[in-house]
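Novice: Just so you know, the sequences run in chain order G and E. Residues in the first sequence are numbered from 756 upward in steps of one, following this note's numbering. Residues in the second sequence are numbered from 3 upward in steps of one, following this note's numbering.
If you are wondering where the hints come from, they were derived from the structure by calculation, not from laboratory data. In this text the structure is predicted, and so the values were computed from the model without any measurement. It is possible that part of the hints are untrue.
[Stated by the list, open to error] Output of the computed footprint for chain G on chain E, the stretches with three or more beta carbons under 8 Å from beta carbons of chain G:
no., segment
1, 154-160
2, 163-172
[Claimed, not checked] Just the calculated beta-carbon pair ranges, DEER-fashion:
no., chain 1, residue 1, chain 2, residue 2, range
3, E, A250, G, L1013, 51 to 61 Å
4, G, L896, E, M301, 34 to 44 Å
5, G, L1014, E, R145, 54 to 64 Å
6, E, R326, G, L896, 53 to 63 Å
7, G, P893, E, G254, 17 to 27 Å
8, E, Q315, G, R1075, 35 to 45 Å
9, E, R326, G, L1013, 29 to 39 Å
C-beta: ideal position from N, C-alpha, C; glycine also.
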Amino acid sequence: MGKVVLVTGAARQLGGRFVRRIQRDPDVERVIAVDAVTPTHRLGSAEFVRTDIRQSAIVRVLAEHAVDTVVHLAVTGGTAVPGAGRSAVKETNVIGTMQLLGACQKSPTVRRLVVKSSTSVYGGTSRDPAVFTESTQPKSLPSGGFAKDAAEVEGYVRGFARRRPDVAVCVLRFANILGPYADSALAEYFSMPVMPTVLGYDPRLQFVHEDDVLDVLGLAAREPRRGTLNSGTFNIAGDGVMLLSQCSRRLGRPTVPLLLPAVTWVGAALRTVGVTDFSPEQIRLLTHGRVVETTQMRDTLGFKPMYTTAETFLDFARSRGNGLLPPERAGRAVDRVAGMLNADLTSAGPTVEGAQR
Amino acid sequence: MADAKVIPFDEDRPRRRPPRRVRVAAATEPEAVAPLPAPGAEAGTGPGGGSWDRRIAGGLAFLRRRVTGDYEVDDFGYDEELTDQVLMSLLRPLYDKYFRVEVKGVENIPKEGGALIVANHSGTLPLDGLMMQVAVHDHHPARRHLRLLAADLVFMLPVVNELARKAGHTLACAEDAQRLLEAGELVGVMPEGFKGIGKPFGDRYKLQRFGRGGFVSTALRAGTPIVPCSIVGAEEIYPMVGNAKTLARLLGIPYFPITPTFPWLGPLGAVPLPTKWTIQFGEPIPTDGYPPEAAEDPMLMFNLTDQVREQIQHTLYRLLVQRRSVFF
């Protein structure tokens, strides 16, 4: 018996890559790729169905192809259509999910549902614990933007899981996705020549690599391996944490610390001219940061990411080219000073400094 | 305008950040090296020019790692290298020369594994926590790092929150405390909170209520010992004779201190009095003998909380009797 996998949001970079990846799985017989716009990238042997998940036509697609696994990737911060407004994105996220879940509920063949969510559902304030677990209740719910969409989508998915206990539902809360192909708002932010930051705050950030995202989506869409369980809610993030200041130094892009209100204005201005999507939610991330626990991902889901947070960032930084102040040049400047003072840096490793007091 | 109130705080907290950009690297280079000499001198790297060369090289190697971003922080944002090299070095003059802190009973802190240090809180500004952090790091044979649990106000203030996270502090909540204890860290908590630090001068060395005793159940869940700690000397650094409650409410802070010098002398009034401090770590109270459900038992929690509180209070009285003078 082969599997029929339906992937929503296939016109986006990540969706397209996942469609191509899942076809190579020997257990998968057919892949149905769905999106409201025709993708610009190849989808391999997958069957592309152009339909808007906000419409009830999705019911027919599910029934026609006897889909048994639904991978819902159309929950995103932006759309594949450039210039589409925020309300259209919200509609695709929320109304689209409701339609899709309604269709899944009607379909007798659906056995498995995988939903891409985000760690932004935890919000992030100064009163939150430093590390979020899957069961942490957010202190203040996200008031708008993608975070609110994701929180609402998760609410509908929980409702669906209650009504259809026979369907295995897996919600994956991804940390900030980065990688050579990343097209998220954060990737755009890190590509700015000079990065505005919030004065007096140095947020802790966590990244997950695109390749790991595809791997874990594949893992969730398959039958669970022995000793693991792939239904439930899981945080997905690379090991370790990086501070924003550290990111800017490793990227070689200088930061401009601004007062919090000024960041909001600059963000609004940048958004108006269309440079980057600098939403209030992103400012929140850049103020308080967000770190999640990934024990469940390792122990229950049985997934081990290939890239740590730092490695993910390195891979991303390589693909973006040098900033204004590449770390190599900064390092060389220090070396030159050392040369002038005849100091030998190699002999003065951390061991010398560790010997203090 | 909450920042206005923080001016004194900033004074005692390490304000300087390591250089962010290369442009300033050359200018700040002597500064970045500066923190090293004092501690290095005691490390006994040998007299003469050799040790200076090594110190400069060490400072530059540190600077190189900072400007290239080649360092690690943990999940809580704790930057061990920055804390050891810069933040601690900035606090040390205050600790050694200004408050002349005397540390007793440091052997009561376990060599390894998690432990919860519970201390009294006083002094209008939380200098006592910072001094305790230096005390544990400098006097403990294993040079352990103390991870302090701080009030949410600390994490709301710009700059302060950043430095607090880098120095290894985190929000005082059960989740963070338990995570740190289970990771085998040394956690410091001051359960009196604002009631302790913001109490009037007349109430000095009278322990306030210990919250709801949440710290006991956290230690019990993690199975880590509780080390009571008594700090003498911090009460007198800013004798709080009044509290401008209306102003505090306006600024959104728990209290607005009025001391004989603050706010009358402006920033000068924010200089703490040079009192002589004593930090005494008491006998650890083991918590591993209790069944797992004990953490839910309110009676046991209250008893243990009282036991810790009594022990700290008694030690405080003893130290006060032994003290010759507030300043010497």
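Novice: All hints are to be evaluated individually against the structure, with a verdict given for each.
Specialist: Verification of the supplied hints:
By the rule of at least three residues with a Cβ nearer than 8 Å to a Cβ of chain G, the coverage given for the segment 154-160 of chain E holds, with 5 such residues. Counting residues of the segment 163-172 of chain E whose C-beta lies closer than 8 Å to any C-beta of chain G gives 5; at least three are required, and the coverage claim holds. The hinted range of 51 to 61 Å is not satisfied by A250/E and L1013/G, whose Cβ atoms lie roughly 28 Å apart. Checked against the hint of 34 to 44 Å, the C-beta distance between L896/G and M301/E comes to roughly 36 Å, which is consistent with it.
At about 38 Å, the CB distance of L1014/G to R145/E disagrees with the hint of 54 to 64 Å. A hinted range of 53 to 63 Å for the beta carbons of R326/E and L896/G is consistent with their spacing of about 57 Å. A C-beta distance of roughly 22 Å is found between P893/G and G254/E, which places it inside the suggested range of 17 to 27 Å. Between Q315/E and R1075/G the CB atoms are about 59 Å apart, so this pair departs from the stated range of 35 to 45 Å.
For the hinted restraint 29 to 39 Å between R326/E and L1013/G, the CB-CB distance of approximately 52 Å leaves it violated.
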